[in-house]
Amino acid sequence: MQTLGLAPWLVGLPLAGAAVLLLGGRRTDRWGHWLGVLASTAAFAVGLVLLADVLRLPADERVAVHSLGTWLEVGTLQVDAAFRVDPLSLTFVLLVTFVGTLIHLYSVAYMAHDVDRRRFFAYLNLFVAAMLLLVLADSYLLLFVGWEGVGVASFLLIGFWDHRRENAVAGKKAFVMNRVGDMGLIVAMMLMLWQVGSLSFGDVLGAAGGMSTGVATAIGLMLLLAACGKSAQFPLQAWLGDAMAGPTPVSALIHAATMVTAGVYLLVRSAPVLEAAPTAQLVVAVVGAVTLLFGAVVGCAKDDIKKALAASTMSQIGYMMLAAGLGPIGYAFAIFHLVTHGFFKAGLFLGAGSVMHAMDDSVDMRRFGGLGRALPVTAVTMGLGWLAILGVPPFSGYWSKDKIIEAAFVGEGWRPWVFGTVALVGAGITAFYMSRLFFMTFAGRRRWESEGEGARHPHEAPFLMRLPMIVLAVGSVALGGLLTLGGGFTTWLEPVVGHAEHHDPVLPVWLIITLTLVLVVLGAALAFRLYAVQQVPVEPPASNALVRAARRDLYQDPVNETLAMLPGQVATRTLVYADRTVVDSAFLRLASGVRRAGDGLRRSQNGYVRSYAATTLGGLLVVAAVVWALAY
Amino acid sequence: MPITNYLVLAGILFAIGATTVMLRRNAIVVFMGVELMLNATNLAFVTFARIHGDLTGQVLAFFVMVVAAAEVVVGLAIIVTIFRTRRSASVDDVNLLKG
Amino acid sequence: MTTSGGEAALFAVLAPLMVIAALGLLFARRAVHAAICVVFVMVSLAILYVANEAPFLGIVQVVVYTGAVMMLFLFVLMLVGVDAADSLTETIRGQRWIGVLLGAGLLAVLLGVITRATFPPAVGLEAANAATNPEGLAAVLFGDYVLAMEVVGVLLVTAALAGLVLTHRRRLGPRRTQRLQARERVAQMAVDPARRRPLTPLPAPGVYAQNNAMDTPALGPDGQPLEHSVPRVLRIRGQRRSPVAVLGAQETLVQRIAPEDVPAEGAREVPGAGADSTEGETR
Chain A
1 MQTLGLAPWL VGLPLAGAAV LLLGGRRTDR WGHWLGVLAS TAAFAVGLVL
51 LADVLRLPAD ERVAVHSLGT WLEVGTLQVD AAFRVDPLSL TFVLLVTFVG
101 TLIHLYSVAY MAHDVDRRRF FAYLNLFVAA MLLLVLADSY LLLFVGWEGV
151 GVASFLLIGF WDHRRENAVA GKKAFVMNRV GDMGLIVAMM LMLWQVGSLS
201 FGDVLGAAGG MSTGVATAIG LMLLLAACGK SAQFPLQAWL GDAMAGPTPV
251 SALIHAATMV TAGVYLLVRS APVLEAAPTA QLVVAVVGAV TLLFGAVVGC
301 AKDDIKKALA ASTMSQIGYM MLAAGLGPIG YAFAIFHLVT HGFFKAGLFL
351 GAGSVMHAMD DSVDMRRFGG LGRALPVTAV TMGLGWLAIL GVPPFSGYWS
401 KDKIIEAAFV GEGWRPWVFG TVALVGAGIT AFYMSRLFFM TFAGRRRWES
451 EGEGARHPHE APFLMRLPMI VLAVGSVALG GLLTLGGGFT TWLEPVVGHA
501 EHHDPVLPVW LIITLTLVLV VLGAALAFRL YAVQQVPVEP PASNALVRAA
551 RRDLYQDPVN ETLAMLPGQV ATRTLVYADR TVVDSAFLRL ASGVRRAGDG
601 LRRSQNGYVR SYAATTLGGL LVVAAVVWAL AY
Chain B
1 MPITNYLVLA GILFAIGATT VMLRRNAIVV FMGVELMLNA TNLAFVTFAR
51 IHGDLTGQVL AFFVMVVAAA EVVVGLAIIV TIFRTRRSAS VDDVNLLKG
Chain C
1 MTTSGGEAAL FAVLAPLMVI AALGLLFARR AVHAAICVVF VMVSLAILYV
51 ANEAPFLGIV QVVVYTGAVM MLFLFVLMLV GVDAADSLTE TIRGQRWIGV
101 LLGAGLLAVL LGVITRATFP PAVGLEAANA ATNPEGLAAV LFGDYVLAME
151 VVGVLLVTAA LAGLVLTHRR RLGPRRTQRL QARERVAQMA VDPARRRPLT
201 PLPAPGVYAQ NNAMDTPALG PDGQPLEHSV PRVLRIRGQR RSPVAVLGAQ
251 ETLVQRIAPE DVPAEGAREV PGAGADSTEG ETR
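Protein chains in written order, with UniProt numbering: chain A, 1 to 632; chain B, 1 to 99; chain C, 1 to 283.
Mimicking SDA-like on lysine to any residue, the simulated pairs with C-alpha atoms at most 25 Å apart in a straight line are:
(1) 98/B - 604/A
(2) 172/A - 559/A
(3) 98/B - 596/A
(4) 98/B - 600/A
(5) 98/B - 612/A
(6) 98/B - 74/B
(7) 98/B - 603/A
(8) 172/A - 563/A
(9) 98/B - 92/C
(10) 172/A - 116/A
(11) 98/B - 91/C
(12) 98/B - 594/A
(13) 98/B - 620/A
(14) 172/A - 562/A
For the record, the hints were derived by calculation from the structure and aren't laboratory data.
Go ahead and model the full structure; you've got the sequences and the hints to work with.
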């Protein structure tokens, strides 16, 4: 591959952009955002060049590693600063840089009135650089650098408006929960070092087949823990909803399209390890299925447009995890859904940003309604994204999600029935809550004031914001179909994830498709009836226990606090108490004893030279007497 | 008369000098007590020189004298300085350095 | 080697006297008396040195200690106040008993050691002093102890400097020259006649008075006592004789002389003529 040497530039360009913007300070305020856009666009261009180069090669030569030399060498461990360019990483590179560039453009307008716009772009560039490092790395250690880098960027961007306390708290929460996941990755790397003695993908994945099942399971579960943290999967899902405190472009780029899918990337990349550990694989699928339902249920009850979308993201990533847990038949579809989801979810988020822009940053859907007429472009682009996520043919989501549902029905024993049913039901619920979101926002009677105090004057966003929305909407419509043509995407990924044997689902394919579509239509129709035809109350009505639970994220925070925080607090308080009563008091008593002794001895220092002379003479006498006594 | 009588005399003078240092408050008198102790030591040195037939004892006594002279210069200068500022030559008045 | 009979007699006479003199240092109320006692002890020590075959040290003892050190002590005593009797009441609680006990203890230990110790037979210094005592000393001093000798020299120079530095008084204002003082004195006459001092030298005390002691004020031509004729130190100490007492004692003389005091008028002009003429002009 002639252009392989360009790979480091993918990371270097956005990183240089971030460095210039962060170190340049206020001097770069005037043109900083355009520099950010330029860095991202340049990275995209480099990605395109690499893609063109790779496409010219035969399938079995498409995996290439470009090493910059030894990064660190400790004993027998040697880690190269190497970049891996293959169909999987290129897919991510193009997704990240393309969507990233669009969102950079969008942010130019969205953040136009923010005094810290330059800093925002610096963080965005930093994120793009870290994300590209994550997907291009050829070893788990280098991947970990990118992994932490996106974590930092995510933390900085969630808390971007940190003058509001809850934003800072949300950033901290995301960071801490991510750290829990990071521990998984660190432990996994330790296990690899112990078993394989290397951290590069080639060595570890090549040795996966020879590992004992126990070790493979341990590594797989640890990788899953890492993926759960980064991708907001059950049980580390609680941070994603709060992460919506960040600016909306951030939610679109980091917490919908790219960073949160890094967990899926990690699992698909580590596929050989998972295949060597069926238990871990099953756990991955279960986690995916649980999160899928969890997110869907939460999404049904959220009135905050961004939080509803966040719940939906969680649920869709649950689909991807489920697919990744299904084995070879699922990998390609997991990545496929990841790509299409990246497009339509980013589009939906940008649409939500546009709505917020129009509604003075209000996010309460109960106070939207009837916005379709005021915001036609937003309504149309979001509508296309809505149809895509619903999985309505021929929109993007249909091609990817339907394949996952089909794959979930493949297998033996109870698994296909459970996973298939969950995926199927999840599709129905998805249809309901996404339709609810769409109808509450754009259809029905308007529930906002047009005059008087608190009046809203919805207006379409500027062109710079509309353009990315339109491009992403086009992607939501066509991307799925385009990539499916002739099994194109699956074939493209084959050099990495291997060829998937065709298996027949336990139900006929036509039945699955029909069932899915029926459920989707039912869900959408129910939402239409409840939120478009009927009146939507401005205040959330009292409801049954499930809705109340869903409104509170199925009690994820209380559970976390009880299970994780409370024992720690109790232990800490006990230790503090013990420290105070035992250790401290011992030292305090010792100190006061010394002080009292000092007070007593102080009296002997009376300042009179004659007293001192007497003391000296007394000492001399004692010494002389002792010497004398010893001499005789 | 045994030569050690000189040593006895030196011991008595030394003890009287030490007692003076402890009991008198006039700085100059205290200082004279110190001088008396030094002289008692010198007497002992000279006597030991005679007992051992070695002049080193006398040399040491000579050194003691020189050092005592230097000490007197500095000590009396200090006393004069203190008297100038405090109008007092009592060692008990200089007791600020206490616990 | 035992001592000669003459030496024993010398010791028998001197030693008790020295102890008594040393006790004088301990008990004398006045510092001057204590100093005299110490001088006696030191001179006696010089004699004992000579008796102990150390003639050079004996001489040095007289020159350095009695001649220099003790005189320095007396100078300082005069400077500090020769008459300030030292109160013997103890202020630090228990110090007297502690001091006495420790002194007695020290005496006991020292005497105990000296009497119990076994000394070799005394050698005597005939051999060492063969070529006179100072020469023998010099051989040891500049032979074995030459380095110590030089260090002690440095010490002496340092001590001399220290004495200079410690007693040096820093000048706080500009130097008061003679010209300045003269100007001030004249200026003072103009500003405050009440506190004026004559420009001429002060009258000597006791002039025209009954006696000519330093504490008796001189009498002016008018028979009035002149306060400023008594030295300032005596006035400040309150040791001047009261003018009333003086007048009372000399009333007859004053009264007899005063009325037809033609020579007194002239006599007054002698010490105070300049002052009076200046006064006249300024008034």
